[in-house]
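Chains as they are written, first to last, in the numbering used here: chain A, 1 to 225; chain B, 1 to 312.
FYI, nobody ran anything at the bench for these hints, they're computed from the structure.
Cβ coordinates follow ideal geometry from the N, Cα and C atoms, glycine included.
Hints are supplied without guarantee of correctness; some may be wrong.
Said to hold, decoys possible - Below 27 Å or equal to it, Euclidean Cα-Cα: the simulated DSS-like pairs (lysine-lysine) are:
#, chain 1, residue 1, chain 2, residue 2
1, A, K134, B, K207
2, B, K242, B, K271
3, B, K207, A, K46
4, A, K22, B, K51
5, B, K183, B, K170
Unchecked claim - A few chain B residues that don't get close to chain A, going by computed Cβ distances all over 12 Å:
#, residue
6, W115
7, P156
8, H184
9, E221
10, L243
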Amino acid sequence: MAFGVRLQVWGDRACFTRPEMKVERVSYDVMTPSAARGILEAIHWKPAIRWVVDRIHILRPIRFQSFRRNEVSAKASAALADRAMRAGSTQGLGLVVEEVRQQRAAMLLVDVAYVIEAHFEMTARAGTEDTPAKHHAMFTRRAAAGQCFHRPCLGTREFAADFALIPEGAPLPASEWPADEAERDLGWMLHDIDFAQNRTSRFFRARLVNGVMDVQACLAEGTIA
Amino acid sequence: MSETSALTQRHEFVLYFDVANGNPNGDPDAGNLPRLDPETNRGLVSDVAIKRKIRNYVALAKGEVPGHEIYMRDGATLNLEHKRAWQAVLPEVSKAEEMKKLPKEEAKSRALTRWMCANFWDIRAFGAVMTTGVNAGQVRGPVQITFANSVEPVMPLEISITRLAATTEKDAEDKGGRTMGRKHIIPYGLYRAHGFVNAPLASHDTKGTGFSEADLELLFEALSNMFEHDRSAARGEMATRKLVVFRHAGALGNAHAHELFDRVKTWRQHKGSRQPIGDEATDNWPAARSFTDYAITVDRENLPAGIEVIER
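Next up, chain B with everything else stripped away, as it sits in the complex (with noise of 0.2 Å):
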């Protein structure tokens, strides 16, 4: 429950993350490869991946503050927090049956809604359906993201590893107690991901979740510091590089976000020389392998009126 009222204004954001000697992102479909985008050889880090980074960030920074739970939680109980809210907000039903449908007044199902905006941080945030089997309805959350696209090219590497144990007693004798492994690297890789957060869908009378100034600030901090947290053996170093807040004044916009997303441009640099991705002058330079090998600039020249640029 937040104490702060809800977001009135649109906001774009373009996030910038790089890895380096880890994978980011694994692809289900090729053995645990980091996704790649098959025409162009650009990573992808998908959306989702995203979002549980960021509630992962939000149950362990806000996991004890009221009005901060996760609802997709790490082996959370789905059932369990839709029946706790149809004991909230209606104690007379009992029923399974009764559960199954959404209460024909509109009123009791808004309200149920609310309840579940108003105590989990990632509904109010990105939404949720809450039709499995106990029905608690459907919310459209007001923040969106897309998914991320490595500036260039990556060349995913596949590491051979040894251990020095089997798990079986069958592999320990033929294999005379070792077994090998593999690991899936992208040596470095800079990726770009774009952001919205949709005000009316946070503000309006029927649709809002309530979704705050102070749960924009909690979600452009995680952004910040998600990977900071998501340490393990695949991820490699991880770390997130820029945000690039485009504020609106009002809750429709001020202005198109592609021509925003434009605003904000990447750049190789080498030996002090700067050129666009992909120029023909990059040709023959080395692959990048630090942040250093990039640069980032926000275009604020002629900003359209009503937009404000946060970098942070």
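Bound conformation, chain A alone (with noise of 0.2 Å):
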């Protein structure tokens, strides 16, 4: 944890897709570890590091709204696409965007901010030249100069995301977390997906604690595939 770092990252607008409800998606409660690790990728990342997740605070009061869009849900069937191939002509292969029209509602987080704590790891890919300590300082040099590969979102692109490096010492910001709340369970949430394991998806029991999610501690009661 030498090398950890702090980044506040805030929006008007969250959606953390629950993978249960993904057809009109309803947010999780709270940033998941695997979107606070796209955000920290989004800024600084390299084959040679691997972000973890150590803490996610919650400054703000949970709240949703419904949201509802007019997407497609172009998706062919390879039965279809099979008999066009072998008739040799493309007739009738086509999706007319109008006729698979779906009006999709999402459940979203509205006016989130949350802080980050995090640690990464060097991984097998990395090459002399990758110290633990240039990473650092790569990261935090962008974060604090308002650099990033791509502009990171909280959940999904159209909710862009705001973020700020709290410098090491420096206290963390204030949190408007109703006092009167010390536990909250969130259940079994998505923590990420392991992409060595052919993409598994893994959960684990989240608790906020006075508005905190202490990552490392929820996940050190196990988590399942």
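Quick one: dock chain against chain with the hints and give me the complex.
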């Protein structure tokens, strides 16, 4: 944990989609560790390092809003494609956007702010020139200057995230988390997708203690795939 | 296929557009009422509504120019385009089963997506998921647009209208040939949207879509003119009022986006006096009904090094 970082992120809206309710998207109550990792990677990432999220501080009360949009459900059947291929013609293979129109609601979080506490580990792909100090310096320099590889987002791309580095030793920003709520059980929540194990989703039992989700402590209780 | 090379500078933009006596974006959940943030009563326009208009403008303005096809166009046949990509890059593949997965060799899949990016302007700009049956890979585009919020609360009105004709014979008998309908309008609303152009997603060796300087110019042209070609009975009078672009010197950027956005401020003005939005002094002012009731300022004092402001 010598090279930990703390990043404050906030935005008007967010959607950390629950995998079990992804057709009509419903967001988790708080940011998932995988979304937090994605934000860190948007600022700085190399194959040599792997971000590990330690804690997520929830700075504002959890509130939802519903939003319905026209979307496309275009997904062609392979059988149809095969038939068209054998016929040597693309007739009837296509999808007309208006005909595959889907209206989907999304249950979004509104007015969110978090502090992500994380560190990184070196991976097997790290070369001799990849020192932890170098990557730590690169991340903090970029985050402090507002630089990013691509704009980080709060779950989906239309909800862009603003971010600010919390320098070492600086206090955490003021939290509006309701003082009377000490603990909240968030149930089983996606921790991350294990790309090494054929994209297995791993879930953990998420708990908020005084508005803080200690990911490592929750993980210690075990995960399920 | 753009002549210029891929974009290497990060950009952010603030887009102001307004609506008079129209519905800028209907809410399918609320009987096509204009979208509203229920907590603040401010109007909303979804990101995809804005992107649809950009696509329509580009299709209209550059429809005949090679490399400016629009993938998500009205009546488009998505898998037809995927198949064209396959045939252009890998003519030897003819079985549907082989097309369902990305080719194992990275070079081949990259050639596929590159072909799609080179031909379709909107894939180059916004990206696309091309995993629909016939798989042509996924692309993340450099251009990212957020929801637009109205700068002040808006008040949607329901206008009842009559039609002196009936659709069915039964209606004609029951209602004497007249039917009634409803229109939802916002008398006036000024909306503000934020956008990002992530240069590395345009110019990166493997992740870049090849979105060029010329494409960026076309994007800004589209943002300025998109409402001019989107007239309809529902929309009323919509117009782009201001586009403020922040150009960074580097690909990764030279300043925090939120600090740049904070430099663009909206004001209420009335009879020669100007107040911040929501100021107590404006409490007994009449509601805004035209763009002249607002003022937009861009603070250029002490701009961070490497930031250029372009107003258009």
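Consistency of the hints with the structure:
1. Restraint check: the Cα-Cα separation between K134/A and K207/B comes to about 24 Å, which is no more than 27 Å; the hinted pair holds.
2. The straight-line distance between the Cα atoms of K242/B and K271/B is roughly 22 Å, inside the 27 Å bound, and the hint therefore holds.
3. Straight-line distance between C-alpha atoms of K207/B and K46/A comes to about 14 Å, which keeps the hinted pair within the 27 Å bound.
4. Annotation: proposed proximity of K22/A to K51/B holds, straight-line Cα distance about 22 Å (limit 27 Å).
5. Taking the CA atoms of K183/B and K170/B, the gap is about 24 Å. The hint holds against a cut of 27 Å.
6. In this structure W115/B is separated from chain A by more than 12 Å, as the shortest Cβ-Cβ distance comes to about 17 Å.
7. Distance check on P156/B: its Cβ is at least 16 Å (rounded) from any Cβ of chain A, clearing the 12 Å threshold; non-interface status holds.
8. With a closest Cβ-Cβ approach of about 15 Å to chain A, H184/B is found to remain outside the 12 Å limit, as its non-interface label requires.
9. Residue-level check passed: E221/B sits 22 Å from the nearest beta carbon of chain A, beyond 12 Å.
10. Taking the minimum C-beta to C-beta distance to chain A, about 17 Å, the non-interface status of L243/B holds against the 12 Å cut.
In this structure, none of the earlier numbered hints is contradicted; all agree with it.
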